[in-house]
Amino acid sequence: MTNTDNPAVDLENLESQISQLKSSFDELKKDNPSNKLSMVVFSGDLDKILAAFVIATGAVAMGMEAVMFFTFWGTPVLRAKNKRPGKKDIMSKMFGAMLPKGTCEVKLSRMNMAGMGTAMMKSLMKKKNVASLEQMLEMAEELGVNIFVCEMSMDLMGFKREEMIDYKNMTFCGVAKFLEEAKDSRIQLFI
Amino acid sequence: MTENIQIKKTMDLKGLPCPMPVVKVSKGIKEVDVGEVVEAITTDPGALSDFPAWARTSGNEILKTEQDGKTIKFYIKRNA
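Here the protein sequences come in this chain order: A and B.
Anchor point for the first sequence: position 187 equals 187 in my numbering, and the numbering is continuous, going up by one each time.
Anchor point for the second sequence: position 6 equals 6 in my numbering, and the numbering is continuous, going up by one each time.
Watch out, some of these pointers could steer you wrong.
Stated by the list, open to error - 27 Å max Cα-Cα, derived DSSO-like pairs, lysine-lysine: (1) K14(B) - K128(A); (2) K126(A) - K27(B); (3) K70(B) - K126(A).
Keep in mind the hints are simulated off the structure, nothing from the lab.
Start from the sequences, fold in the hints, and give me the full structure.
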């Protein structure tokens, strides 16, 4: 007597095959990246950060989720202009004074020419209706772009959480959080 | 053909460069119901490739594109 002659055995086989398939499908689904963009913002240059925000806001418009990780030279750009950090050691004070405090102090990566180039670019952007970094940041917050800030960079340069901008979806984290997000993303960029 | 398209909402995006036209239209289309049409007017030359790419990715449909000099009009049906 073969299996096909016994409907009960046949059904049992089929059921176990289905459940095997289902579990391997679930496994595959878990590894399938989401419709998400993860970006490392390493640069502290006006042009590069602008590009990063254009891509992030564009991604949300395309129906994607966007995550930006600010690390190293990108970190000081998220400092609030009008917040006082309180007591700091000498090195932290030095870093704090030398690095841009917020989006309005960042410079072009090329043709800065002691600030002249940056000023010219900013006036050109205004004339051509290109959104400023401040406007991009506001737009990103409104669209729900997630910002993660590298805790190690902050500590290295002596920035405190109290001196960072108020941003709805801002989290302080380390490399593991970035990797978790990047692993789950269809697109990963380093800027 | 345009006469047959019922426009629910018109968005004037003239003078706005990348990424604003796409960002604004992605917000604006959510203000009409599924099946309704948004008319988007832009002067961004990049929009000619950007809008179709946005529509394909977001699952909406461009019914018609009209170009008059620098002005480009898109009729976008909300599908998603």
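Evaluated hints:
| no. | hint | result |
| --- | --- | --- |
| 1 | K14(B) - K128(A) | holds (12 Å) |
| 2 | K126(A) - K27(B) | holds (23 Å) |
| 3 | K70(B) - K126(A) | holds (20 Å) |
Hint compliance for this structure: every hint is met.
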